[in-house]
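Listed here are the chains, written in short residue letters.
Protein chains: 2
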Amino acid sequence: METYSSKLLQSAVEEFSKLPGIGKKTALRLVLHMLRQDTETVERFSDSLTRLSREVKYCRECHNISDHGLCEICSSPRRDPSIVCVVEDIRDVVAIENTGQFHGRYHVLGGIISPMEGIGPADLTIDALEERIAGSSAIREVILALSTTMEGDTTGFYLYKKLQPFNLKISVIARGVAIGDELEYADEITLGRSIIHRTAYDLTTAK
Amino acid sequence: METYSSKLLQSAVEEFSKLPGIGKKTALRLVLHMLRQDTETVERFSDSLTRLSREVKYCRECHNISDHGLCEICSSPRRDPSIVCVVEDIRDVVAIENTGQFHGRYHVLGGIISPMEGIGPADLTIDALEERIAGSSAIREVILALSTTMEGDTTGFYLYKKLQPFNLKISVIARGVAIGDELEYADEITLGRSIIHRTAYDLTTAK
Numbered sequence: 212m213e214t215y216s217s218k219l220l221q222s223a224v225e226e227f228s229k230l231p232g233i234g235k236k237t238a239l240r241l242v243l244h245m246l247r248q249d250t251e252t253v254e255r256f257s258d259s260l261t262r263l264s265r266e267v268k269y270c271r272e273c274h275n276i277s278d279h280g281l282c283e284i285c286s287s288p289r290r291d292p293s294i295v296c297v298v299e300d301i302r303d304v305v306a307i308e309n310t311g312q313f314h315g316r317y318h319v320l321g322g323i324i325s326p327m328e329g330i331g332p333a334d335l336t337i338d339a340l341e342e343r344i345a346g347s348s349a350i351r352e353v354i355l356a357l358s359t360t361m362e363g364d365t366t367g368f369y370l371y372k373k374l375q376p377f378n379l380k381i382s383v384i385a386r387g388v389a390i391g392d393e394l395e396y397a398d399e400i401t402l403g404r405s406i407i408h409r410t411a412y413d414l415t416t417a418k
Numbered sequence: 212m213e214t215y216s217s218k219l220l221q222s223a224v225e226e227f228s229k230l231p232g233i234g235k236k237t238a239l240r241l242v243l244h245m246l247r248q249d250t251e252t253v254e255r256f257s258d259s260l261t262r263l264s265r266e267v268k269y270c271r272e273c274h275n276i277s278d279h280g281l282c283e284i285c286s287s288p289r290r291d292p293s294i295v296c297v298v299e300d301i302r303d304v305v306a307i308e309n310t311g312q313f314h315g316r317y318h319v320l321g322g323i324i325s326p327m328e329g330i331g332p333a334d335l336t337i338d339a340l341e342e343r344i345a346g347s348s349a350i351r352e353v354i355l356a357l358s359t360t361m362e363g364d365t366t367g368f369y370l371y372k373k374l375q376p377f378n379l380k381i382s383v384i385a386r387g388v389a390i391g392d393e394l395e396y397a398d399e400i401t402l403g404r405s406i407i408h409r410t411a412y413d414l415t416t417a418k
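If you're matching them up, the sequences are chains A and B in order. Numbering of the first sequence is given in my numbering, commencing with residue 212 and proceeding in unit increments. Numbering of the second sequence is given in my numbering, commencing with residue 212 and proceeding in unit increments.
No lab work stands behind these hints: they were computed from the structure. Computed from a prediction, not measured in an experiment: that's the story for all the values here. Heads up, some of the hints might be wrong.
Pairs involving identical chains hold if they fit within one copy or between any two copies, as the list cannot separate such chains.
[Unchecked claim] Derived pair list, reagent style SDA-like, types lysine to any residue, alpha-carbon separation capped at 20 Å:
{"id": "1", "residue 1": "K372", "residue 2": "T360"}
{"id": "2", "residue 1": "K218", "residue 2": "R240"}
{"id": "3", "residue 1": "K235", "residue 2": "I400"}
{"id": "4", "residue 1": "K373", "residue 2": "T336"}
{"id": "5", "residue 1": "K236", "residue 2": "D398"}
{"id": "6", "residue 1": "K236", "residue 2": "Y396"}
{"id": "7", "residue 1": "K229", "residue 2": "H244"}
{"id": "8", "residue 1": "K218", "residue 2": "S287"}
For reference, chain A alone in the conformation it holds in the complex (with noise of 0.2 Å):
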């Protein structure tokens, strides 16, 4: 139990301490942080925070989070909505967007199958995903572009059985991000030579 002199000041310490990573010690250093900054930039950050959190919409197609019911991708007649790049969150998105490289669509999971943490197919967006290629005539190839860990290899390979039938090309992501990484801290040139060398789903690169 940590002693404040304040009990604004150990209510703020607080409520940064429940964010992840983040101990007393940091929490403490930031609030003192945002102390030194006036109340309008104070009030600002927290606005920004609490309008995202009321106002979050998330994409009807992609499911990535959107101002709108269709996000600026999806909408935009620039990119190319035959190749639909599926990743497991927004900040896959943020990755793969900052190569450059991919000008297709996008379909966020919102997570990954992981039997340790209980997540299972029925968690993500997978159904809306097959949904979404079923409705669509201009979706030509899916691209998995998920992280090269085993939860990733196993999300691929239940995707790569439940688009099977779809005929059509199922690509993976060029095995350059080393085995064991998480694809958002892979570096921008990584990742970008990764899409552009995808590959034809091959059961043998599954595992």
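For chain A, the structure is supplied; the task is to place chain B on it using the hints.
For chain B alone, kept in the frame of chain A given last:
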């Protein structure tokens, strides 16, 4: 320039990444964590910050952050008014309070003399400390509990020179804290002992 699918998301990530030590990727991770909480939880987080920023006060005696004009420590009859422990900022107060070894009062300098960062004695509450000592017959001892860095030593030496005329016992916390370490990262036992084994200020130990 990062690309996000939502302006609301972008604005929240940008606000988070202004915090010290928080890059864009960590900011996105924290914001996505926030998004998984319900709106009330996010509002509690935001409100705790804006309230602190709007309503924060500083104790008129010790200059610590306080909810009232006089902080809980300065107004407590159980705290010994004859010993004043001088620290750099509130993180050091928290660290010393956590040792349970100090029962006197504090004086928070609000920083440390650092020519490199352009922080001089006039930027700190040193004048207020002199006034506080001059206006009180209770204070018998001042403990200098500063980091064992060059800035801490400089500040300690400056304070020693300023406080010498008051005919007080001036002590420094025992150098159990490894030279070069920041005070706030010391473990509680080392820091607690350094309060107990404080020694009379001696020009030969100051350098």
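We went through each hint and held it up to the structure:
{"no.": "1", "hint": "K372 <-> T360", "result": "within (18 Å within a copy, 62 Å between copies)"}
{"no.": "2", "hint": "K218 <-> R240", "result": "within (16 Å within a copy, 28 Å between copies)"}
{"no.": "3", "hint": "K235 <-> I400", "result": "between (37 Å within a copy, 18 Å between copies)"}
{"no.": "4", "hint": "K373 <-> T336", "result": "within (13 Å within a copy, 68 Å between copies)"}
{"no.": "5", "hint": "K236 <-> D398", "result": "between (30 Å within a copy, 12 Å between copies)"}
{"no.": "6", "hint": "K236 <-> Y396", "result": "between (26 Å within a copy, 9 Å between copies)"}
{"no.": "7", "hint": "K229 <-> H244", "result": "both (17 Å within a copy, 10 Å between copies)"}
{"no.": "8", "hint": "K218 <-> S287", "result": "between (49 Å within a copy, 16 Å between copies)"}
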